[in-house]
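Engineer: What follows is the residue order along each chain.
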Amino acid sequence: MQPEALRDFTELVQQHADQWYRVALRIVLDHGSAQDCVQDASIKMWSNWSSFRGDAQRSTWAYRFVVNEALSAKRRSRPLATTDPAELAAVPDSPYFEADAVLNALYAAVAQLPEQQRLVFQFRYFDELPYADIAQILGTSQGGLKANYHHAVAKIKKTMVGLNLDLHSES
Amino acid sequence: MNLNTAAPKRRDGIYVPANFASELAERATRAAVAASQRRVRMRRLTWTATAVAAVFAGVVLNLNPQIVPAVAPATELTVDEAWSALEQGDVTLTDDELLELAELHGITTL
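Here the protein sequences line up with chains A and B, keeping their order.
At position 34 of the first sequence the residue is numbered 34 (the working numbering), and the sequence of numbers has no breaks.
At position 83 of the second sequence the residue is numbered 83 (the working numbering), and the sequence of numbers has no breaks.
Bear in mind the hints are in silico, worked out from the structure with no lab data behind them.
Accuracy of the hints is not assured; some may be wrong.
Stated by the list, open to error - SDA-like, lysine to any residue: derived pairs with alpha carbons at most 20 angstroms apart:
| id | chain 1 | residue 1 | chain 2 | residue 2 |
| --- | --- | --- | --- | --- |
| 1 | A | K44 | B | Q37 |
| 2 | A | K44 | B | R11 |
| 3 | A | K157 | B | R11 |
| 4 | A | K44 | B | R41 |
Stated by the list, open to error - Residues of chain A placed beyond 10 angstroms of chain B at every Cβ, according to the derived structure:
| id | residue |
| --- | --- |
| 5 | A17 |
| 6 | N68 |
| 7 | A99 |
| 8 | S141 |
Backbone N, C-alpha and C fix where the C-beta goes; we use that ideal spot for every residue, glycine too.
Based on the sequences and whatever the hints tell you, model everything.
Structural biologist: This is the structure:
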């Protein structure tokens with residue numbers, strides 16, 4: 001592999017590792033697993049580095065590896081009946097996570113969503129990513145994403161309305 | 001001097017300190033490069049092993065051609081054997097085949 005490629009890869013990882021950790025943590029809800037996901041995703045990114053076709057930004061392309069790795073890790077580790085308090089609460093178990101009652105309730109509401117809606121909501125609301133980027137990451141159409149986001153927000157509002165909490169919404 | 005290395009909290013409540021992010025990035029890069037080097041080494045080893053095995057097999061076969069698996073010789077059947085098989089009913093021929101066979105061997109009576 002060319003030294004420039006290694007330099008670009010190293011730069012990409014340095015720039016985005018915190019964001020990848022955040023994305024992975026929200027999916028796997030575990031500090032250690034999130035780090036493993038970032039590492040495993042990086043290994044796959046580097047081994048596929050030359051196959052990047054350039055039809056998206058490198059960073060968007062890289063996100064896909066992290067999301068796929070985290071979803072796979074979550075499926076692999078899903079227990080039949082969990083007793084892990086963090087998982088029951090559906091909030092990340094990490095020293096770098098802090099939440100008040102509103103955020104805890106939001107995480108609990110997000111956990112009730114179907115996977116696609118949950119991911120779209122997280123990318124849109126938490127990361128404020130444009131639909132075009134989310135569409136590239138998840139490999140779906142922007143129209144579908146907007147519909148998913150709309151449904152997600154409606155469901156979350158419905159869940160949280162009893163708690164008299166408010167969310168920034170967007171249609 | 002700003003000594004605060006903690007990143008600002010985001011909407012998701014996750015704040016990633018800069019030193020943790022940088023360590024994570026370093027570890028991930030190292031793991032990726034190491035895995036890639038392992039793959040290259042494995043590929044080289046496999047190729048070398050295959051090449052050595054091929055050369056060894058070539059040398060052995062050259063020095064000792066008897067160990068080449070013999071091709072089974074085609075089964076040869078004498079006319080008498082074929083005839084007795086036919087007489088014993090081990091072989092069934094149609095009338096046309098029988099006539100053709102008789103014609104071929106100049107047999108006029110069956």
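Engineer: Of the hints given before, which are not true for this structure?
Structural biologist: Hints 2, 5, 7 not satisfied by this model.
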